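Listed below, chain by chain, are the residues.
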Amino acid sequence: MKGKQFLSGQSILKRIFLFLIPFGILLIFAFLQILNLMIFQSEKFKTQADTNRVLKEKVFPPRGLIYDTKGRIIVDNFIRQDLVITPNFINDYSKYLSLLSEITGEDENILENVFYEKLSEIKPFQSFTLLRGLNDEQLAKLKLNSSNLAGTEIIPSFSRNVVYGESSGSLIGYLGFASRKDILNNPNLKNFNDQQIGLLGIEKEFDEHLRGTIGYRFSEKDAKGRVLDVLAIEPSIKGKNLKLSIDIELQNKLYKEFEGRKGALIAIEPDTGLIRAMISSPSYDPDHFNNLNVEKIKTLLSNKNSPLFNRAISGQYPPASTLKPFIGLVALEEKVISWRDKILDEGEFFVEGDERPYRGWKEGGHGEVDMEKAIAESSDVYFYNIAFDLTVSSISPFLDKFGFGKSSQLFKNESEGILPDQKWKLGQKGEFWFKGDTINMGIGQGYILATPLQIALAYSALINGGKLISPRIVESIDGEEEKFSSKQIDIKNKKNLDYIQEALISVVESDTGTAKNIFNPKLRIAGKTGTAQVKSLIDDKKYQEIRENISLRDHALFVGYGPVEDPSLVVVVIVENGESGSLVAAPIVKKAIDFYQK
Amino acid sequence: MSRKPLDYSLNLDIETSKRKTSLDLWIVLSVLCLSVFGIFMIYSASQSLEMALRQGIYLVLGFSLLLLISFSNFRKMELFYLYSYWPGLFFLTLVLIIPSEGNETKRWIDFGLFTFQPSELMRFLIPVSAAAFLSRKPMISNFDYLTVFILTMIATYLVLLQPDLGTSIIVILSGILPILLGGLSWTFISFGVFTVLLSLPVLWFSLFEYQKQRIITLFNPEADIYGAGWNIAQSKIAIGSGGIFGKGYLNGSQSQLNFIPESHSDFIFSVISEEFGLVGVTSLFIVYGLLIYRLLLISTNHQNRFAKILSATLSMILLAYISINICMVIGLLPVVGMPLPFVSQGGTALIINLVTIGIILSLRRET
Chain A
6 MKGKQFLSGQ SILKRIFLFL IPFGILLIFA FLQILNLMIF QSEKFKTQAD TNRVLKEKVF
66 PPRGLIYDTK GRIIVDNFIR QDLVITPNFI NDYSKYLSLL SEITGEDENI LENVFYEKLS
126 EIKPFQSFTL LRGLNDEQLA KLKLNSSNLA GTEIIPSFSR NVVYGESSGS LIGYLGFASR
186 KDILNNPNLK NFNDQQIGLL GIEKEFDEHL RGTIGYRFSE KDAKGRVLDV LAIEPSIKGK
246 NLKLSIDIEL QNKLYKEFEG RKGALIAIEP DTGLIRAMIS SPSYDPDHFN NLNVEKIKTL
306 LSNKNSPLFN RAISGQYPPA STLKPFIGLV ALEEKVISWR DKILDEGEFF VEGDERPYRG
366 WKEGGHGEVD MEKAIAESSD VYFYNIAFDL TVSSISPFLD KFGFGKSSQL FKNESEGILP
426 DQKWKLGQKG EFWFKGDTIN MGIGQGYILA TPLQIALAYS ALINGGKLIS PRIVESIDGE
486 EEKFSSKQID IKNKKNLDYI QEALISVVES DTGTAKNIFN PKLRIAGKTG TAQVKSLIDD
546 KKYQEIRENI SLRDHALFVG YGPVEDPSLV VVVIVENGES GSLVAAPIVK KAIDFYQK
Chain B
121 MSRKPLDYSL NLDIETSKRK TSLDLWIVLS VLCLSVFGIF MIYSASQSLE MALRQGIYLV
181 LGFSLLLLIS FSNFRKMELF YLYSYWPGLF FLTLVLIIPS EGNETKRWID FGLFTFQPSE
241 LMRFLIPVSA AAFLSRKPMI SNFDYLTVFI LTMIATYLVL LQPDLGTSII VILSGILPIL
301 LGGLSWTFIS FGVFTVLLSL PVLWFSLFEY QKQRIITLFN PEADIYGAGW NIAQSKIAIG
361 SGGIFGKGYL NGSQSQLNFI PESHSDFIFS VISEEFGLVG VTSLFIVYGL LIYRLLLIST
421 NHQNRFAKIL SATLSMILLA YISINICMVI GLLPVVGMPL PFVSQGGTAL IINLVTIGII
481 LSLRRET
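Going line by line, the protein sequences match chains A and B. Taking this note's numbering, the leading residue of the first sequence gets 6, the next gets one more, and so forth. Taking this note's numbering, the leading residue of the second sequence gets 121, the next gets one more, and so forth.
In isolation and in its complexed conformation, chain A is listed as follows (with noise of 0.2 Å):
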């Protein structure tokens, strides 16, 4: 019984010695093979490892092109020519460092500076390109002497211009060399190592279409690295092209008003969500890093007005009195004051128990104010006032759903603004809250802090029913549309959202106003002024002491959209220590809407 199943192990020792026979077979036939190739045919390999070499090179595609919203070209391609040099197929390193200097007229210590460090990064047999953009001049004398130059040669490759340079600049980004640890993040990046690729703005953040698929060339090479003929091409994939929704002349335009200001500007359609001016002063040209005009490079990184930095979409700042129309609305909502409760603003509030007064930017008051007043005048103790009865707990959820304090995945660079409640200011500061913070809230200043993208995706919701967009700057890769999403905020009362669009018409349509400076009865314009603080004023420091620091002066905003009657653009600007929302920034935000409505 026991075991008949079994094999005994003399059956299994006959069975391991079957099957190790097809494993016998198959080494010996691979023996074969060996002694086949390394004997018999070892001559004719020799000669064809050694004499002609076919070499498998990288192709890289031309870079996808970017179009503005009416086909307009933004950034373009231009063919340049590289020294590719391989270095093994050189004999005497310092001897042609020196010829090729004096055939290009290229300083020496730096051709050394840049081989050398070149040289320590690749493999043997690899090739590195030593010079860029060769001119005329150059090439004509580099063919004439190119029986001197073993190893060397002449390869077209494609240099990004963006037309426009600076006004689109930081909306456009730049191009630069994949460091290592992109390349560790990033597999793909591997075949572009000799290869530019997008570092920043558009062009980083739409690489992966812009960049195209490497392609493959086989030539026959002689022992000196001088190719013979080129077997076949394996052909490299252009990359995407881009379509913007950006209107490049309003962008050229609006940019121009920011001239020898710090500040940024947003225009966005409130129902589509297309971007169609993003500008951020100071900018720079790409084409200084795209180019690797070393000097410039220089200048910019050590700029202290942070160029490279794109305000309009990291920049945060306080949102200041554009704030309190969203503010009036959560009250409406919940139903703290009604649309005429009038409150009494003397220019001073206080609250019980504390005898520091909480002031309003007007000395002795707005008088009786009631919310549609309060907002076109920009009465801080009216705000003050709804902000204290509110609390935090019920103002910064409702911020949230508007988006604030959260990022719009338009970038990966975008910051996310700070929306500030209890839990964050114990995890932040370790400090409680305190009334008046939320007093502070109430008038935008305090710990809140938003980026010009978030304010103007805010503003779109209030004027197109409560919806929330996501904000898109690319209408189209390669034709294919881009999708377009919204969520619908939940409002109590759709009325509310009409009541806080009467007040913006106020700001500008009435006569105490903040911005009748750009009241046009042609094009109706509505919006809100801001002014916020960037030092909180102190009682006894005088006001004109700060003004004296330029540094220190207050941001002007404003938010603005029209026409009125049907509205098409969403425009926030703001001016760095411009100190006034009406006189500064809102002229810009007409600016826009009267040239987009042409």
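Everything labelled a hint here was simulated from the structure, so no lab data went into it. Remember, predicted model here, so these are calculated numbers, not experimental data. Any given hint could be a false lead.
Below, a sample of chain B positions facing chain A; criterion: calculated Cβ distance under 7 Å [stated by the list, open to error]:
no. : residue
1   : ARG256
2   : GLN374
3   : CYS447
4   : ILE450
5   : LEU452
6   : VAL456
7   : GLY457
Glycine included, each C-beta is placed from N, C-alpha and C at the ideal position.
Position chain B relative to chain A; hints supplied.
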């Protein structure tokens, strides 16, 4: 006293011999030789000190495991062996859900410091658990064989999903060999062979386009010299141009010029051939031959059924790796992902191979 499962597996018709505790030095030395040689070849092929060092660390780790396991008592591990299939299956499923990013295939799980290839683990766990399962009681029914077969096919299917054709072939072998050695009747075996032959056409159509291309290339290497045939053509040039004595370490122009694809992993044999020639290749064959011979010797000398099946299966899988890999790089078999044991770059493979040796050595205790 209760009887443990593996006690049944003693074949009492062979006399019990003395217990051995010393290590088989031939095996340990040849494995060490191959792995250290591998590190040098990886450096030559990749020109990356980092890659070579990494492999060195894996070697130290794997070799310590080898020693540890080789002194363990396999009798005490039987329960662990019996169920070891399941954690393997778990990782194999996990890799499909959370594969390491940035690869086209889902073969690796990323553990931050290192990546881990579950299919390599599975092709080792299957023989261990199958051998234990097929030795756990005196009567092994056809139903038991069927169970092993089905579980093997599940694992194979998961590996194919990654997709990894090379390892899936090994996974099938690692399940089939214990069944065949365990004593499935010849009727069933012939039936199985017949079924496989019939299903070949179906198999062909279920291959990916690039896999078909590789098979076509095999039979007609000149058809597409700059596409699918490129790798093999270059690999052959490398091997052939090595001649009798080779071009010398770090001097193979084919390998150093990056003509050979994956030269540090699957195609490392081409680099060895180019740089060390026929002399080097023959020495490699001798060391491999010695290793396999000594491993099989443990199997043939053993009278415990479990040990016999397991050590024979594991040795034969090593043999399969060696022969398929070499046939592949010299153009006798289509290109599938299959490393050369102990020599090719790959941490999981190296550690698993060393652990395999450790297990086989641990079985020697009762020969």
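Consistency of the hints with the structure:
Among the interface hints, the one on ARG256(B) is violated; its C-beta lies about 12 Å from the nearest C-beta in chain A, farther than the 7 Å criterion. Because the beta carbon of GLN374(B) sits about 6 Å from the nearest beta carbon in chain A, less than 7 Å, this interface hint is met. Interface hint status for CYS447(B): upheld, as the beta-carbon distance to the closest one in chain A is roughly 5 Å, under 7 Å. A distance limit of 7 Å between C-beta atoms decides the matter here; for ILE450(B) the minimum to chain A is near 5 Å, and the interface restraint holds.
Against a cut-off of 7 Å between C-beta atoms, the interface hint on LEU452(B) holds, since the closest Cβ of chain A lies about 6 Å away. Hint status for VAL456(B) relative to chain A: violated, with the closest Cβ pair at about 14 Å, above 7 Å. With a least beta-carbon distance of about 17 Å to chain A, the hint placing GLY457(B) at the interface is violated under the 7 Å criterion.
When held up to the earlier numbered hints, the structure conflicts with 1, 6 and 7 and fits the remainder.
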